[in-house]
Amino acid sequence: QKEVEQDPGPLSVPEGAIVSLNCTYSNSAFQYFMWYRQYSRKGPELLMYTYSSGNKEDGRFTAQVDKSSKYISLFIRDSQPSDSATYLCAMSKISGNTPLVFGKGTRLSVIA
Amino acid sequence: DAGVIQSPRHEVTEMGQEVTLRCKPISGHNSLFWYRQTMMRGLELLIYFNNNVPIDDSGMPEDRFSAKMPNASFSTLKIQPSEPRDSAVYFCASSSQGGGREENIQYFGAGTRLSVL
Chain A
890 QKEVEQDPGP LSVPEGAIVS LNCTYSNSAF QYFMWYRQYS RKGPELLMYT YSSGNKEDGR
950 FTAQVDKSSK YISLFIRDSQ PSDSATYLCA MSKISGNTPL VFGKGTRLSV IA
Chain B
10 DAGVIQSPRH EVTEMGQEVT LRCKPISGHN SLFWYRQTMM RGLELLIYFN NNVPIDDSGM
70 PEDRFSAKMP NASFSTLKIQ PSEPRDSAVY FCASSSQGGG REENIQYFGA GTRLSVL
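Top line first, the protein sequences correspond to chains A and B.
In this text, residue positions in the first sequence follow this note's numbering: the first is 890, and each later residue adds one.
In this text, residue positions in the second sequence follow this note's numbering: the first is 10, and each later residue adds one.
Hints were generated in silico from the structure; no laboratory data involved.
Don't take every hint at face value.
[Stated by the list, open to error] Result set (DSS-like, lysine-lysine): computed pairs, CA atoms no more than 27 Å apart in a straight line: (1) B:33 to A:931; (2) A:945 to A:959; (3) A:931 to B:87; (4) B:77 to A:931.
[What the hints assert, rightly or not] Short derived list, chain B residues pointing at chain A, Cβ under 7 Å: (5) 35; (6) 52; (7) 54; (8) 57; (9) 74; (10) 76; (11) 119; (12) 120.
Just so it is clear, the structure is predicted and the values come from calculations on it, not from any experiment.
Glycine included, C-beta positions come from ideal geometry on N, C-alpha and C.
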């Protein structure tokens, strides 16, 4: 079993829909949780960064961490075609500048 | 800042040839990471450096892979000899060891797409 599991999709939704993306993990030592967005043939770019449990909101994006269930989520409200990309969850044990363990990514398509 | 710069963007080579990938981290960052992305395995760490010193190379597949960081503004990843199974996208990322948690974010380059025929 990989340390981080993520459904690869693909996920296709209509414009304006609420999108829910999820990852589960097995190592309780993970403390820092991130979501990266990767457009085709580009490098990953950081979308959300959270420490330990709780919620964090940034515009249309909300990240949730439930350490008791070893489960993290990313919600996208009012999804737009420009949100079409692969979303990667990532986590680390010590801090964000130590190696990240990534999920395999979920490919999202938002249809206009 | 121009961000993390990787070169070349694409590399096509024949099996057995030496391949060198290059990375220039963001100025002022003191941590540098090399990751490899494949469809099968996703994004995985190969090696990382703190202050130009290799800290963890346990992700390097085998002796054919080597990485160096001769100074704070340059790193190379070398594959010799290359094999078809090395075909992947190789990413370099950098970060700073700031005092606040929010500063410890990894910024990725655009990657080098390697094809070994």
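Results for each hint:
no. : hint           : result
1   : B:33 to A:931  : holds (17 Å)
2   : A:945 to A:959 : holds (17 Å)
3   : A:931 to B:87  : holds (22 Å)
4   : B:77 to A:931  : holds (24 Å)
5   : 35             : violated (12 Å)
6   : 52             : holds (4 Å)
7   : 54             : holds (4 Å)
8   : 57             : holds (6 Å)
9   : 74             : violated (16 Å)
10  : 76             : violated (14 Å)
11  : 119            : holds (5 Å)
12  : 120            : holds (5 Å)
In this structure, the hints that do not hold are numbers 5, 9 and 10, in rising order.
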